[in-house]
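Listed here are the chains, written in short residue letters.
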Amino acid sequence: MAQNHDDSSKSKTFSRRALFLAGGQALLFSTLAGRMYYLQIIKSDTYKTLAEDNRINLRVLPPPRGRILDRFGVELAVNEQNYRLVLVREQTLDVEATLDSLSNVISLSEHDFKRVLREVKRKRAFVPVTVRDNLSWEEVSKISVNAADLPGASIEVGQTRSYPYGPAMAHTLGYVAAVSERDLTGEPLLELPGFRIGKNGLEKQHDLVLRGKQGNSHLEVNAYGRVIRELSRDEGEPGRDAVLTIDAGLQTYVQQRLMSEQSAAAVVMDIKNGDVLSLGSVPSYDPSAFNRGLSTREWNSLIKDHLSPLTNKAIAGTFAPGSTFKMIVALAAMKEGIGPQHSVFCPGSMRLGNAKFHCWKRGGHGWVDLNGSIQHSCDVYFYDVARRIGVDKIAAMANRFGLGQPVGVDLPGERSGVIPTKAWKLANVGEPWQGGETLIAAIGQGFVLSTPLQLATMTARIASGGLKVTPRLTRGFNDEAGGIAEPDPQFESIGVPAEHMRVIQNAMDAVTNNRRGTAYKARIKEEGWEMAGKTGTSQVRRITLAERAAGVFKNEDLPWRRRDHALFVGYAPVHNPRYACAVIVEHGGGGSSTAAPIVRDILTETQRRDPSGAPAFQLLAPTPGQET
Amino acid sequence: MAGRFSSMSQSTGLTFGQKIWSINWGMVLLVVLIFSVGFAMLFSAGNGNINPWASRQAIRFGGGLLLMLTVALIDIRIWFRYAYALYFIALFLLVAVEVMGTVGMGAQRWIDLKVIQLQPSEVMKVCLILALARYFNGVSVEDIGRPTYLLIPLALIAAPATLVLKQPDLGTTVMLAMAAGAVFFCAGVRLWKFAIVGAAGLAAIPIGWQLLHEYQKARVMTFMNPETDPLGTGYHIMQAMIALGSGGMFGKGFLLGSQSHLNFLPEKQTDFIFTMLAEEFGMVGGLGLIGLYILLIIYGIAISLRTRNQFGRLLAIGLTTNLFLYVFINIAMVMGLIPVVGVPLPLISYGGTAMLTVMVGLGLVISVYVHRDTFISRRGVTEEL
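Sequences listed follow chains A and B, in order.
Quick note on numbering: the first sequence equals residues 877 to 1504 in my numbering.
Quick note on numbering: the second sequence equals residues 75 to 459 in my numbering.
A portion of the hints provided could be inaccurate.
Stated by the list, open to error - A short, non-exhaustive set of chain B residues, derived as facing chain A with CB atoms under 10 Å:
1. 210
2. 256
3. 261
4. 262
5. 316
6. 323
7. 326
8. 327
9. 328
10. 352
11. 371
12. 384
13. 387
14. 388
15. 402
16. 452
For the record, the hints were derived by calculation from the structure and aren't laboratory data.
These numbers were taken from a predicted model, which means no experiment stands behind them.
C-beta: ideal position from N, C-alpha, C; glycine also.
So that you can see chain B by itself, here it is in the shape it has in the complex (with noise of 0.2 Å):
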């Protein structure tokens, strides 16, 4: 008991200085290296050249690092103070890019902000996890087992969702489901209870194919059988599985993947950046970003067992879970384990929106670290120690 009540003076306590000192830079150089990776890939992207996207992509990770660092020094009770607010402005931006986002890549995504563009299901991907775990801190083991109490939570889920599976996302929509999922699990929901929604699932699927758009039908079935339709969607599969397959187990050597540079591999910048660099890296190259990503999951994993509030933990195993999602997705996509649904590869893929996303989420995942030692009641009370 004595040791408790020690570490939670310390946490309480923490000067600028000492929190510093207990970021977890390991997890910090991690993210360092990957967008490295990343860096080195849009320079081959652009044929051997910073322009056009790795100079701009390395001001963005810039920032990225600096509000992450930020993000991690902000206390972890504030965060939990303020997690339904954000989740609600989240859902509000929502709303708003309904009503008057402007129509990009055939779905209605973004608000222009004229300085950035801002996608708001990226930023409630994070929101939403703030909100679950603040939900379930204050949810006894008890209650836990109680459905009533499953009800706001699967709200909670249930308005982000049909949002931006109306935009139409369905890589989101899937994403933000099962990393709310995850927290649900970790929470302590009984297993029971995931096999009805997988069975009610399921017998969804018909219906849901019917509400599908034509493009995302044509994608699955592209997926089911790529050989067929080899000019049109199945193209890019085609083009992507023979870039990696092309690349062997070394590689064709930086600068130097005919596919990629060719063009004939189809947004390599972007969402197919994993098959560039399986093309010009081989296996050895593919599996050692893997690995990076695995080192960088395996810290978020290791946090949040480690940390001494349910809050801090959903949120860690959360983010993290998001996080693992990307990546799985990303690749798994671009090697034809599943339809193409449109999710980038984060620290590594062009782009600001999911690379900021995974950011700030690696932010509160250190903040957690951080400040594993804050007590944080049931009811939210941190302050009465």
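Bound conformation, chain A alone (with noise of 0.2 Å):
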């Protein structure tokens, strides 16, 4: 009985507590369930969001760049297919194995050999370890007909800028270049590794343009990366394709031409619509080595060359015009009633306070005009008319031709030059203008400075009568679906009386055409091509007393740097303007011989090309009534 007792007992105890313990269960039980609900209802949204982020992976497809064509619409910058072979561990028996086998068939440096091993025990399996890049075309088809030999080892294909014209169009297309962490905006796209945007030139100017719209492909991908499958995939939208106003033939011709010189610019306008048919700058550097990613040597080379191949200076080289200058103050005179009948007698220099100001000419030019001095370059009648009617009007007239200001070409980087004022040098310098500094303006040295694209703006001005015409480098865009073009332009007028435009237009006819003129010797013989011009030779030392006693050093004799820089500004045809070219040679000498024969050259080619005449790259049809 007692052992009955005692289990009676127990079994009471024991009910009593399994049915505790089964309490304490079912608590438990209910935290779970309590987890769960949290997790899987209150926070389901939550997880939702990162669960999707997990396995779903953005990839940005780059759209192809627009190309960039002439006005004729040959092709300036191209994407070009650029082969590059990669390996896949996954698909090799052995990664070494096929490295050696691949250095049969191309070479392969063992510095590459290495990098590639490294490269690929850092990477996954399944991803793509560059081998090698830009590989020729003899080497894609060895590398494929090999293929058997082996694994893992593919050719993929990627596209580089190309710039077919090279050096010669480098300044006026730039290039481009590896997105620097400066230009990251927080666009996809500009992450995306070897992605290339428009660092210089047309390239950056356009780059939104060129660069067109990114394609998203949404992938699904598994926990170590590897895409599963494409969920969705927008392409994007492709560059569109500018289409400029440069005539490559011409470029090219320019560009040759200036290379005769150590560094020089040029600038070819169409008078009647501001389209830059030709914009050259001497020495210039290769675009496709920036794409291609310079070496520091490289690069410091470029950087220190005293000639400075990068620069464009075309518009953003600023030169004191020298008497190319002259036309804009005898504008001036005329506009303050100092008309072209006007007679100075030219000694071969001019004092003005205890200061002597001397003509390009030693013994003096006599008696000379308005038309007289311009055709002679007389100093002395600019240092007459200058000081009668001050440096302001003179810069205001400057002004009115482009002068002093960019004259806002679509192009990165232009320069606006000075044309000083009474108020520009106190502020800038900070002391008062001085009496003799107005002559020295008058003869386009001293503070003035202008570019060659300024120059060539006024020269187009000049020729076309008085009208405000404005350079364009691009006439529109083009893509599959057509294009905008931009309208010719309707110029309005300067505002300056026509037979003042007539008189100097006379003058400088006389410069080229007059037997006596100072550029003569370089005028287009040409019948009805004729051209008219004005030469410019700009010091860059200032000549002393002594020099000047002994005799005025001739350039030949002076070291490159020292040496005059050489202008010429002109048109063409003489008679029916269609051509504005200025030219300056940097310590090229005498404007009349050395820039007036290339000017001559220059338009003369022009001329032959006609490239305004010839009909251009149909972007889409002209909108009626808006022809010129």
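Using the hints, put the two standalone chains together into the complex.
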């Protein structure tokens, strides 16, 4: 019975405690249910988002970059297919064996060999590792033929920017290069490895249009990043082609012609519509080097070169315009009532206070009127009229012709030059204007600085008889659907009386076509193609009294850096002007001997080619009534 | 009294057919149901293929089912008689694994028997409960109150627990201790003694922390704050919670769990399989499976209450608690409620050891049920009636 009593007591205790235990377990199970409710119902949306983030990988698809075409549709910047050799570890039997076989087929440096082995180890088995970039077509075919012996190796096709005209168009087109940290805007496209953006020139100016819109691919990936499938794809928009006003043939000629000099720049413009037909700057550089990636040494040699090959001197080189500025002074004088018949006696110099201002001709020109002063480029005449009207009147006229401010061409990096006024000097130099400085400004020296593009614009405005001709480089954008053509501009007048313009045009005609003109030797002889122009020689050094007494050094005897700049501006044909041209040869000596022959050759070639007369690349049917 | 005697005579004289008939088939059905869920999940984990997991697990389950029924049919008195012997065999195996066990998963846990890999700590889970049940069966109500009578069962726990902790396997150690604790509790050990052990345990935490391995410390720290280390040790638990949470109410559908199928979920076929279920079938699916386990546990507890010998009662409650601990620790772990300790979900997770442990355990519970009216005296005399 004791045993029975014992067992029933045990049984009671057991039952009580087992139920208690069951209660405890039920409580614990209900915390599990509570946790499930919390995670799967309350926080469900958060975790759904996180799961989608895990699963879906957005891959940016780079759009093909738009081409850049010249006015006739000739390709200036294109995308070329670039072949690179990649290796996928999981498809090889043995990475080293494949690399060994590869080195029998194409050249593979020890350095590449080791780099690939390193990268292969670091990356996941399915990630392609680049073995070599920029394969030649011959190498590509060799690899394809031997494909059976090269497990895991394959050819990938990428795109690189190519510039068929190379250095001849480098300054205008600019170049594309890898995105730097500064360029990042948060746009995912820019963070794509290997993506290139325009860094200079038109590539930079039109970068957004050329770039197009990125495509997106939503990929389902697993935990190791391997792509399982594509969920959706949006191709984006390819970049649009930019069509320029440049004539590639003329550009090649101009660049070639300028190469006779160490450092020079030239601008050729259409007077009627402002089309820039050529923009030359020498020396130049190879734009594809930037795409490829420059070595530090290459970069330093470009940067340190005193001829500054990276600078587009046609828009960013500022030079004293010298005597090419005299037309402006003459127009300012006429506006102030000093007519073309006003005559000045030139004895070879002029005294102002106790300073003596020399004419370039030691013996002087004798009596000269306006026409003669330009034809012979007499300095004393301009000293005289400038003293009468003052510097501010000259500056006002210069501004009307596009000097002293950027003319607004669609290129980055255009400089504004300097047209001094009394206020300008006080603000920028901190000293009051001196009377003598007016005289120096009158012959385009001293503070006066201008770019070749400004001088070409000035010349075009003179040749057009006083219209506000404004240069442009881009005719429009093209794409498969058509394009947007900028209508030909209708230029307004700059408000200078036509007879004043005619006086200046006649004087410039005399410079080249009058037997006694300063550039008679450089005239165009072909009938109907004759040009008008103006020489300019700007000093880069001060001629001392002692030197003047002993005889001024000839340019040939001076070191290059101290020689004068040679300038010439001209337009043609003289009686029905269509093309304007400005050339500057840095430290090139005399305007008439160095610069004028270059302009003659360029304007001859321009008229021979007559790019404005030839039918341009059709963008869209021009809107009726807007034709010129 | 008469009723009791008649039932006793009935139990001693059970024929084989009667035994088959008296097996608790409802429990067997539940086990098969739960395994079916596991089979489906392993099929999904294999990306819709019965290889490599589901097929092999099914074969093991077949073997396990036979073993479970065999265990169930063996007379409870035989289990009683060999309880200590089995315990010492298990203890011997634990020592053996310490000496010659091959290194697996960074800890010494396995004995390679060529045919199967034996994990003595799992065997011990059953054998410890057998030994404790037998011991407490022989202690009178009065003696249970005497602290000296607790020294032997405490030693029975301490020996395997120390060996398992040394492997190191924190999860199994905790399970051994807690299942044993349940047997102590139901045997009638005074509550204040649990309080003392609990207090001593708390006091030992700082010392225990020092003894933990670096990876164990990292797991605990990660548990405290999984977001601090999303790519390291916190990765598993974060991904598990994402899988679970993104399943929502009804889940993403069978074979459609992105977290599982794209391998974001670690160990989806073993320890984290519940997360996969909850991702594909949502809270409804998860609670459904928990419900099946609860039914199984209720069966176990009901059997322990229906049994007329203390050995059977303690055996049933201990083994049922063991099942509960498996289920609770695994699910709490994958839901981020407790640190990751590496406990599989029985009958669902891929792997034979835990499944066999649980099935042998349930076989014993069924055996208790079949022989529920067998009389076992305090001294273990059963033949006299």
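Do the hints match the structure? See the list:
1. 210: 9 Å, holds
2. 256: Holds - the Cβ of residue 256(B) comes within 10 Å of chain A, reaching about 6 Å at its closest.
3. 261: Holds, about 8 Å.
4. 262: Interface hint status for residue 262(B): holds (4 Å vs cutoff 10 Å).
5. 316: 5 Å, holds
6. 323: Cβ of residue 323(B) sits 6 Å from chain A, so the hint holds.
7. 326: 9 Å, holds
8. 327: Since chain A brings no Cβ nearer than about 14 Å to residue 327(B), farther than 10 Å, the hint is violated.
9. 328: For residue 328(B), the interface hint is violated, since the closest Cβ of chain A sits about 17 Å away, which is over 10 Å.
10. 352: 7 Å, holds
11. 371: 7 Å, holds
12. 384: Since the shortest Cβ distance to chain A is 5 Å, the answer is holds.
13. 387: 5 Å, holds
14. 388: Interface hint status for residue 388(B): holds (8 Å vs cutoff 10 Å).
15. 402: 5 Å, holds
16. 452: With Cβ-Cβ at 6 Å, under 10 Å, it holds.
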